[in-house]
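Keeping their order, the protein sequence lines are chains A and B.
Start counting the first sequence at 616; every next residue gets the next number (this note's numbering).
Start counting the second sequence at 9; every next residue gets the next number (this note's numbering).
Each hint should be verified, as a subset may be incorrect.
[As the list claims (entries may be wrong)] Computed list of lysine-lysine pairs in DSSO-like fashion (alpha-carbon distance at most 30 Å, straight line):
no., chain 1, residue 1, chain 2, residue 2
1, A, K754, B, K240
2, B, K268, A, K754
3, A, K758, B, K347
4, A, K758, B, K26
5, A, K754, B, K40
6, A, K940, B, K240
7, B, K239, B, K26
Just so you know, these hints were derived from the structure itself, not from any lab.
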Amino acid sequence: MALKRATRATDIGDDEADVPLQAVLLADSFAQQFRPITDERPKVLLPLVNVPMIDYTLEWLASAGVEEVLVFCCAHAKQVTSYLEHSRWTSQSNFTVTPIESRDCVSAGDALRVIDQRNVVRGDFILISGDTVSNMSLKEVLKEHQERRRKDKLAVMTMVFRRSKPHPLIHQTRLGNEELLLVIDPSTKQLLHFDSLKEAGGRESARQQTLARQVVLERSILADRPAVQLCLDVQDCYIDICSPEVLLLFTDNFDYQHLRRDFVKGLLSDEVMGNKIYTHEIFGDYAARIDNMRAYDVVSKDIIHRWTYPMVPDIRFASPETGIKIGRSNIYKEDGVVLAPTTVIGPSTVLGTGTSIGDKSIVRNSVIGRGCTIGSNVNIEGSHIWNNVTVGDNVQIRHAVICDGVVLKSGAIIEPGVLLSFKVVIGENFTVPAYSKISLVRQRPEEDSSDEELEYAEAASGVAESPPSPFYDGRVVNGSPAHGGDELPESPRWDPSEVGIAGAGCNWSAGQDEEWRHSVAPIPSERIREIVAREEEGELEDDARDMTASSTNDNIAEQVDDDEADEEDESAFFDKEVEALFRRAVTGEAGAHEDHVVLEVNSLKLAYDRSFSDCAGAMFTALLNLASERPHTTSRDLLQNCRQVVVQWGPLLRRFLKSQDDEMEVLLVFEEICVEDNREFAPIFASVLQELYDKDVISEEAIIAWASEKQQADESDKVFVKQCERFIQWLEEASEEDEDDEDEE
Amino acid sequence: MVGTMPDVQPLVDEFITKLNRRQVEGSLDTAKLALVLLRQVISAQRIPPNSPANTLIEAIKSVGVRMIAANPIELAVGNIVRRVLHIIREEDASLATTVVTGVTTAVDSDDEDNLDIREQASSHAVAAANRSVLRAPSLHNLLESMPNPIRADVTVASTGDSDARSRSGDKNSRSWKLKHNVIESINELLVELQDYHSQVAEQALEHIHQNEVILTLGRSRTLLHFLLGAKKKRSFQVVVAEGSPRFQGHKLAKELTAEKLSTTLITDSAVFAMISRVNMVIVGAHAVMANGGVLAPVGLHMVALAARRHAVPFVVLTGLHKLCPLYPHNPYSLLNDMKSPSEVLDFGEFSDCLNGATGGPQCHVFNPTFDYIPPELVSLFITDTGGHNPSYVYRLVAEFYSPEDIVLQ
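Work out the full structure, taking the sequences as your base and the hints as a guide.
This is how it looks when you write it as C-alpha cells:
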C-alpha cells in the first residue's frame, strides 16, 4: 500500500505542477535541552526575539513557496494546535497549515512513522524542525533534488549544510553543538560518510578525545571515486529535502529514532538498498537550528544583527498589529515603550510594546518582551526577558533567560547562565547563583538519563493536559509534599535558600557539570583557554603519533595493508597472551596450577582460532624467554638455565604436544628464535635439544623427522641440523638398535 | 475593509504579504502593482448613494494603511495611495461642479424670466469651479481670484430645487459616474507610470552634451533609459561606480557596453579621484522627500559631496511616483532598509569575530540600502514632467497630493 503510494508520487514527479510542495514540520524536538521551561510550554512556542520560534519556520516555509505544512505535534500538542488555530497562518491563501497530533511518539522516527501511516505526504517534502530559523531559498535545492531523482530513484534525500570555520572553539561558541565530519563526493555532492565528533567533552580526557577524532572510512567509499572531500567545517542546518521513500524507510526500520544518528548513518551503512543521500551547501543564506540555550542566544543575536533578513524584528511577519522602529546600532523599539529620560539603551536591544523602564537603568544587548515593568537603577546585559516580567529597583541581570510572569524583587542579582522559568519569584536582595535553573515545577528524579529522547516525551506528559504518565499518577496519588498537589502556586513551600524570602520556585539541579557549554552566558575565559589548549595538545599528539607510527607502532600502519598482515598481527597478539599467561604461572600468581594454565591456553586457542602447534610454539617461546631472562653470563650458564626451565615446565609444554607435527613445530620455532630473536641460543641449540629429548618433551621420531625434512633445505637452513648431527646420528643408531631389539624379541 | 467585496480581499492580503516579505522590489513595479490593486478595490467597492466619495476614500485608506505598514520603507506605496485619494477627491469635486451646471441649466429652462445677472454669475462660478478642480492647482491659477461663495449658494439652491425621487436617481448615476471617472483617472496614471522611462529619456538630449563625461553609481533602469536616450544623438563617456555591496554597477556597465557606449567601471572609493574629470553626475533615486531631499542607493551621499566639492552638477532622475509628501525625519534609520550583513561579508569567514559567546566585543556589520542626500547637494530633478529645482518640490507635492491625505491614520 505504502509502496504503491510512493511509486505513484514519483510518477507524478515528472509533472510537478500537480503536487503542492509540502513540508513536514516537527513541532517537538524530542530533546530536553530547554527543560524546565519546556515542561510548561512547548519549545516551538517559546519567544525568539519576541516572536514564537515556530513563526520563523512557518514564515520561511511560506515565503519559500511551500504550500502545505504538516505540523507534527506531540508534547503539549494542544498548546501548539490552539496557537496555530488563532494565528494568521490558518487564514493565508496558498498556504495551509495542518496539525497532526500524536501523543505516544518519543522520537522523530516515531513521528515520521505516524505521518507515513496517515498517508498525507504526496511527493517530495521538506523535513524540518519547528525551531529552525532560515532565509534560504529552496528553489535551487529543490531543483537539484528533483533532477537527481529523475536520473536516480535512489537519491532519497538532500541535506542542507552551511559552512563555518573548522575550529572547535567556533562550534562551541556558535551553536554549542557537535563538530561534524562529512565525507562528500566532490563531483556529485553525494554524502558518503556522516559522523559527529564528540569534541571537547569535559568528561573525556584529551587522549580519549583525540582517539575519538580518528575516523575509519569504508574502503568501498574510496573504491570507484577519483576523489573524496572531507569536511570538518560544516554545520548541519537540519533542513532536509526528502522523497516519500524516506517515510517508508522509517516504517521499514522501526528502530530508527534519531534523524541523524540512526537514519542517516543507517542509510549510509546499508549498501544493500543502495539509497543515497546528497548534500547542498548554502553560502549567503542563513540557516540554524536552535537545539540548546546557547544556540537560542546566538540565533537571537543573529536575528538582531539582521543575518536572517527578512525575518528581522522590524518586519512584522507574525504580529503585524504593533509598529516597531529601528534605531542606530540595532535598537528596536515597539510602539508604546515608556523610557525614563535617564534610561540608557545600549546597542543590539529589542524592547517590546507596553514595557516601561525606570530611571538610570541600563539595558544592553538584550531582548525585553511585552508588558514588562522594569524599575530604576536596573542593569540588564545580554539577557532574554520574556513578557510581563516585573523587575524591581537595583536588580542586576546578566546573561540570563527570564520567562513570562517572573517577578524579581528589589536588589536581586541574577548571575550569568541563570534560567528562570514561568512565574518564578525571586526575593529581595537574593543572589541567584550562576547556571541555576529555577522553576515552579519540581524536578523529577532522574529516570533514565541515558536516553534523552524518551525524557522529553515524559517531561511533556508530566503536565496536566497530557495523558498521565505513571510517574505523574504516583505523584498525585501519594500527594507528595514536594509537589503539594495540583494547586502548586498556592502552596508556598519554597525554600528561601533557593529563591530568597517570599520567593517562589525550586532549583533544578543540573545533570552534569557542563552548564557553561549550553547556557546563554558567554563561555568563561578559562574554559576558552582550556578548549584552545586542548586543541593544541591534540594537534601535538597527532604529530607525535605520526612520527612513531612508522617505528614502534607498526600495527596501525599495517592494519590497512591487507588481510595477511592482519593475521600476522593477530598471531603476535596470541603469542603475547600466552606468554603473559605463562609468566603468571611462573611467578605463581594465578595459582600456578598447570591445569589452570592449560585451561586458559586452551580457551585462548579457541578465541584466536589456533592449533595446538601454535600453542606449543608460543609456550616454548615463553619458556626460552624465561630462561634467557634469568641471570647468565656465559652460554654455559644459559644452558644451565634452560635445563632448569625445561625440568620445571617441560611437562606443561608436553601437554600441548599432541602429535609429532606439534613437536616439529616447536623445533622450527626454536630454530627461528635462534636465528632471529635471540642469537644467544644458537651455540647451545644441540644441548638444549638434547635436554628436551632427555626430559621426554620432544620425541626422537620428531627430531629425526625434522632432520630428514631439513635434508632438502638450503645450506643456510641446515646450520642447526649440522650442529646436531652427532646427536641425530646417535638417535638414529639408537632407534635402529631399538628396532633390532624389537626384531630380536 | 469597509464594505470591500470579498473577492478583492485575498488579492489585498497577498500583496501585503508580498510587501511584508520584501518580495516586491523596485519602486516602479511596486507602484504599478499597488495602483492596479487599488483600482480593483475601487471597482469592487459598492458605493452607497449618499457620500460616495467618502466611502471610496475610507476604503482606500483602510487598505492603504495596511499596505504602508507592511513595508513602510517602500515609500512608493504610500505615494500611490495618496495619489489615488487625491484623484478621488478631485473627481468628486469636479462632479459636484457638473451637478451645479446641470442645476443651473434646469433653472434656466424652468423659469426663463429669471434674472440675467444671476445666470451670468452662476455660469461664471461654474467656470471658475471647473478650472479650479479640473486643473491641478498651480501658481498660475492660485493667482486667479475665485468667487467661492456663489458656488456654495448655488449648491444649496440646487438641493432645494429638485424633488426627492429625481435626486436619488441622480445620485445613483452620480456615484456610478464618480467610480467610472476615478477608474479612468487611475488608468491614466497607470499609463503615465508605464511611459515614465520614455518620458524621462526624452529629455536626455537637453541635458547630456557631446563628449561629456557622466558619472553614476549603481544601477537604475531610469538611468539606463536616460543614457540610451542621449546616445541616439550624442557620443559621451560614462563612468560607473560599482555600488558595493550589491554591485549593480557591474550590470549597468555590461548593459552600456552592449549598447556600445564608452564605459569605465570604477570602485566606489575611486569616485573622488574621478570626479574632477566628470561633467555631470546623473543618478537614479529611491524616493524624493517633500523638502527636496533624496533617498538613493547607499554611497550616493558621498558622491554628492564629492560633486559639490568640485562643483559638478548632481542630477537626480525621478518619477512622480517617487515623490513623497512627507518630510524626512531621521531618514538614516527610519527610512532605511537594513539588509542582511551576508551581502557584505561571508559568515563562514568571519564566524570567529561575530560570536558573542566569548563575551568579548563583537564585530558588527551593517548593510544599509539607502543614503539620504540633503536637498542642498542636488542640482536638478529630472522627472517625467520636466526638470525641477529641489526648492520647487514642495509645489509638486501640493499639485499631486491633497493635504488631508498626508497623514493617513
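Verification of the hints:
Note on K754/A and K240/B: the hinted pairing is violated, with a Cα-Cα distance of about 41 Å set against a maximum of 30 Å. Between the alpha carbons of K268/B and K754/A the distance comes to roughly 35 Å, so the proposed pair goes past 30 Å and is violated. Our distance criterion of 30 Å between C-alpha atoms is met by K758/A and K347/B, whose separation comes to about 27 Å. Between K758/A and K26/B the alpha-carbon distance is near 23 Å, which keeps this suggested pair within the 30 Å criterion.
For the given pair, K754/A sits about 26 Å from K40/B by alpha-carbon distance, which is consistent with the 30 Å threshold. Using a Cα cut-off of 30 Å, the hinted pair K940/A and K240/B is violated, with the two alpha carbons roughly 46 Å apart. Distance hint between K239/B and K26/B is unfulfilled; the C-alpha atoms sit about 37 Å from each other, more than 30 Å.
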